[in-house]
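Model the full structure from these sequences, guided by the hints.
Going down the list, the protein sequences come from chains A and B.
With our numbering applied, the first sequence covers 68 to 292.
With our numbering applied, the second sequence covers 1204 to 1409.
Check before you lean on any hint, since a few could be wrong.
Said to hold, decoys possible - Far from chain A, by Cβ distances over 10 Å, these chain B residues were calculated:
#1 SER1226
#2 ALA1229
#3 VAL1238
#4 ILE1241
#5 ASP1247
#6 GLU1258
#7 PRO1266
#8 PHE1270
#9 THR1294
#10 THR1316
#11 ALA1327
#12 THR1329
#13 THR1335
As the list claims (entries may be wrong) - Result set (BS3-like, lysine-lysine): computed pairs, CA atoms no more than 30 Å apart in a straight line:
#14 LYS181(A) to LYS1320(B)
#15 LYS1244(B) to LYS255(A)
#16 LYS1246(B) to LYS113(A)
#17 LYS1343(B) to LYS148(A)
#18 LYS1397(B) to LYS264(A)
Just so you know, the hints here were simulated from the structure itself, not pulled from any lab data.
Here the structure is a predicted model, which means the values were calculated and not measured.
In this text, a Cβ means the ideal position worked out from N, Cα and C, and glycines have one as well.
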Amino acid sequence: MAAAATVLTGGCATTANGKDPIEGFNRAMFAFNEGLDSAVIRPVAKGYEFVTPDFVRTGVSNFFGNIADALIAVNNLLQGKGVEAASDAGRFVVNSTVGILGLFDVATEWGLEKHEEDFGQTFGRWGMDTGAYVVLPLFGPRNVRDGVGLVFDMAADPVGHVSDPSTRNALTALRLVNDRAGLLPADKIIDEAALDKYSYLRDAYLQRRRNLVFDGRPPKDPDFE
Amino acid sequence: MKYFLALLTGLLMTLGAAAQALSPDALVKSVTNDVLDIVRKDKDIQAGNTRKAVELAEAKVLPHFDFAHMTRLAVGKAWRQASPAQQQALTDEFRTLLVRTYSKALTEYRNQTIDFKPVKMQAADTDVVVRTLVQQPGGKPVEIDYSLDKTDQGWKVYDISVAAVSLVTNYRGSFAQEISAGGIDGLIGTLRTKNGGSEAAVASKQ
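Here it is, written out as structure tokens:
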């Protein structure tokens, strides 16, 4: 595995990718994560998908999405987007009550759009540079800025503050497996599309984070005709 | 035969009329709904019959794509250094890769529903983005945006963004990597191998 990573980087180390100065390390870590995924996480996610009906997975996604909305409100506030923050707070209130502890996303049906914000984006909004691309064990692709953001996201994550350790671990595992199950259809599509899965996912990650910081409307790439 | 011809003419006229008359958002909506209606009824495609999905894509979707434009954008600066033959080869191979990927995505379709957002555009606009939101049972919604520009043959898609990731921009990075390693012919070779490889994989599964 490590040998394969070295061979791969040998061919690419010279290419000009200023965003990925530690490509050798990243490819090794990517291979490690891929191994872990195919050995443990994906099979578990497949089993979970097999035994749960759609509405259960929707409920689980909504439940964790609702918890996330509270933090999304905080991040929108930190970014000075008061209207969005109020809407996210409204979503949290509506879904926690009418939506029965967040199991149903009533707020979306009422026209309160779901946003996606986190500390990495907030730091980006504040002007912090993305820094180098880095593949973290288990967490996968990040850049330095989003890695720092991740530390804040985790510190603020309500699930991490559940006092009973077994409940906390069960919730963490459920969220991970449920999220992974949602990505299962994408696996084959990425395999079909990517010339080199590592760089395909890296470029996708960097592009997506850039777009998110600009809320989907980044300045147009001057190279793009 | 006569019936078939009538059907074919009807189909071509519909496609032609649709492409000429429809606004870009109406075009995206009608094509998407047509295709998903077929996939919903087609057990073969749902079971992973990629060949049938490719046929569907070829008939319904691809006429609305401008692959030459997509390839030019994905290859970027090196496009001008490529000979006409290389440009043609790149376009053909990239088209094959995208068609395969798109068809694969069709076989993964599971009851998702799509919200189409209205486009605010001026009459003089020749380049628009049509935004859609795919709601999937048990998963987070995914944004899929289509970039279209106005050509003599009507509105044509030249890029698709999935979850804020532009396909063309993403390939630009991979293509640049291949070109710097092995030149334009190197990229053509990699695409050929990739396409041949998935062809073999598809064949062996059936």
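Outcome of the hint check:
Every CB of chain A is more than 10 Å from the CB of SER1226(B) (nearest about 21 Å), matching its label as outside the interface. At the 10 Å boundary, the C-beta of ALA1229(B) stays outside the reach of chain A, the nearest C-beta of that chain being 22 Å off. Separation of VAL1238(B) from chain A is adequate, the least Cβ-Cβ distance of about 16 Å exceeding the 10 Å criterion. With a minimum CB-CB distance of about 19 Å to chain A, ILE1241(B) clears the 10 Å threshold, and the non-interface call stands.
Residue placement check: ASP1247(B) keeps its beta carbon more than 10 Å from all beta carbons of chain A (closest about 17 Å). With a minimum CB-CB distance of about 17 Å to chain A, GLU1258(B) clears the 10 Å threshold, and the non-interface call stands. The Cβ of PRO1266(B) lies farther than 10 Å from every Cβ of chain A, with a closest approach of about 21 Å, so its non-interface assignment holds. Every C-beta of chain A lies more than 10 Å from that of PHE1270(B), the closest at about 15 Å, which supports listing it as non-interface.
Interface exclusion of THR1294(B) from chain A stands, the closest Cβ pair being 16 Å apart, more than 10 Å. Its beta-carbon lying about 12 Å from the closest one in chain A, THR1316(B) satisfies the requirement of being farther than 10 Å from that chain. Look at ALA1327(B): its CB is around 19 Å from the nearest CB on chain A, clear of 10 Å, so calling it non-interface holds up. Look at THR1329(B): its CB is around 13 Å from the nearest CB on chain A, clear of 10 Å, so calling it non-interface holds up.
With a minimum CB-CB distance of about 13 Å to chain A, THR1335(B) clears the 10 Å threshold, and the non-interface call stands. About 15 Å separates the Cα atoms of LYS181(A) and LYS1320(B), which keeps this hinted pair within 30 Å; it holds. At roughly 22 Å between alpha-carbon atoms, LYS1244(B) and LYS255(A) fall within 30 Å of each other, so this suggested pair holds. Our distance criterion of 30 Å between C-alpha atoms is met by LYS1246(B) and LYS113(A), whose separation comes to about 21 Å.
Our distance criterion of 30 Å between C-alpha atoms is met by LYS1343(B) and LYS148(A), whose separation comes to about 23 Å. Our distance criterion of 30 Å between C-alpha atoms is met by LYS1397(B) and LYS264(A), whose separation comes to about 12 Å.
The structure is consistent with each of the numbered hints, conforming to all of them.
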